[in-house]
Amino acid sequence: MADSAPESFSDALMKPLTGGENPITAMMLGLCSAMAVTTNLMNGIAMGLGVVFVMWSCNTVISLLRHVIPKDVRVPAYITVIATSVTIVDLTMAAYMPAVHAQMGIFLALIVVNCIVLARAEAYASRNSVIPAMGDGIGMGLGYALILCFLGASREVLGASALFGVPLVEYAGMVSGGLKTGIESMATAMDYQPSILMVLPPGSFLLIGLLMAAIRVAWQKKLAGE
Amino acid sequence: MAEPKVDYVGLTGVLFVICFLCTGALVGLDAVTRPIIDKQKVERELRARKAVLPAGTEKVDGDSESLTLDLAADWAANGGELEKVLGEADEKARKTHLFRGYDGAGKVTGYAAVCELPDGYSGTMTFMAGLVYDSALDQFKVASAKVTGHKETPGLGANIDQVKYAETVAAAKEHRDPVPWFLAAFKDRTADKLALRKGGPADGIEALTAATITSKAFTAAMKRVVEMFNRNKAAILAAGGRG
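Chains A and B, in that order, are what the protein sequence lines are. Residue numbers for the first sequence follow our numbering, so the first one is 1 and each next one is one higher. Residue numbers for the second sequence follow our numbering, so the first one is 1 and each next one is one higher.
Next comes chain B alone, as it looks inside the complex:
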């Protein structure tokens, strides 16, 4: 029986035309939506930074306006600890970028830093830490925090993002982003107060139900961030606001 002849040229031609038309449609749509999506990305970043800075913050440093902190000297003494809070790129460069918040008068209200922790229950977690300088104590303390990336189990570690309904209502009334209950407990804590109640001081932070590993890892990471700020206090404060 003769094998039916396969018209490769024809088949390739039809596929080519279909792919060409599909690609054309997508290129057109991309041209329309890309600027919108990029703008949203920038707005999301700015909003995330503003969310962790204290109330009264009106403007935030954009990507190109951040304060670059050179950690080479700090790394020599505390490399192991710093390795556990900086993202991979910052680790290699031995520096980190701090985004400053400004109030209406242009005074610096606080600093936001993008951080990472490697020891979450299901791996790396990324978060944004917001810190303020308390001149009375001559130390940095936590303003707020926001977890930006995690792979934790829903119902357990993922409750680090859980917002109580009362908070959702309150936040909507006050036109601000709602703060998850676990992270709300970090407000105004200095480095020495960053510990869990479980197995620690009575005024410690309440851990997530049945998610001790996640709670411990996050609290330890926040403590490292505050300690990093305290060690580099002089450099951060000397830099002031953007030029």
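Chain A extracted, bound-state conformation:
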């Protein structure tokens, strides 16, 4: 497959983050896993990091093999590489980070069918050299991870009135000095009944829709201003 015009590592890295090409909000890829896994912030972070690693490794390998893999069998070849990478993450996490692995459950294995990985393999890694492909992989993964962190944090705060598994009210107790008075009054406000809707699927749909709308408005304003 013919290579596209060459791009630098930093360009490829930053496009998904600040260049309006976020995989979830702009390209609308990987929505299922983004919504299913983000019931709390810790899950979002773990999944995001897993995807960053998988995307970086898959983009690298596929870019290295891009002149070797024939066009007709490219999808089976990409999927084999992706599945291998995800299994490596799965086994490594199970052996060395069992608590996180137990929390992730089946979502780790589902990275194989996450649209972003295959889409970038096909659209970018197979047409660019290794360094930009690495940048794209890491950038896309980080873009995905950022959205996941936002979703995870929002859903945990709104749906379980906690953050990182600790109830919000407790955070006030951890601060000392003058800051404490201000935080304490905030904590009384934070002692609210959480909305379970937010940790269920409809809540995630609502949040993602609102986020996408907000980003689009901001982006269009930015483009109009240029």
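Treat the hints with care, as some may be off.
What the hints assert, rightly or not - Computed spacing ranges between beta-carbons, pair by pair:
1) A:Ala224 x B:Gln40: 50 to 60 angstroms
2) B:Trp181 x A:Cys32: 28 to 38 angstroms
3) A:Ala224 x B:Trp181: 46 to 56 angstroms
The hints are simulated quantities; they were obtained by calculation from the structure and are not laboratory data. Beta carbons are placed, not taken as given, at the ideal position from N, Cα and C, and that holds for glycine.
Keeping the supplied structure of chain A fixed, place chain B upon it in accordance with the hints.
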């Protein structure tokens, strides 16, 4: 227009090489991580058993050291009830395995049993029940319980696993596993005291908010487990500790 010739041999060859290399990498990683993962699995099981046994338990029966309880006679009289607490394999074999906990002196502190209930809100729930024998009452009572598998709705039935933050802090200080608040209420209850406060005695167990079905199903299942232990009291106590 001539159809382009497809080089099947070449395509198959490339795919074969890719698959071969990927499989090779995974076999290597598996060889390194499998022993670690297996060891963790065993440790998790032992820890789960220890968590439901009373404080002071230092050692627990391993998989091969469990006390096998033959329930054939009990099944004849109470098959319907037993069917609702034993896992499928135990049901067919009409027996169950009890894991004993031992204190520092080697005396049996309590018994842990792996159980199942079929009537949770979203289906089967598996749990580990820890029971102790109270010689004063000549009955078994609950030490603790731990839900090991469920598909309940988050925020509702899934709150059976919910640990209050104060408990997390206390458990960390005392170097033990935190106990979910719903299950903590089961401690020291004999079979006749296993009922929900809702529609029952004033000293009953508090149900999960908006999850009456889950609460009822679990309480009923625990009651069945304790009753099973009480009916087979003689056999369990006669077996003593491991040989």
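Checked hints:
1. A:Ala224 x B:Gln40: 50 to 60 angstroms: About 56 angstroms separates the Cβ atoms of Ala224 of chain A and Gln40 of chain B, which means 50 to 60 angstroms holds.
2. B:Trp181 x A:Cys32: 28 to 38 angstroms: holds (33 angstroms)
3. A:Ala224 x B:Trp181: 46 to 56 angstroms: Since Ala224 of chain A and Trp181 of chain B have Cβ atoms about 54 angstroms apart, the given range 46 to 56 angstroms holds.
The structure agrees with every numbered hint stated previously.
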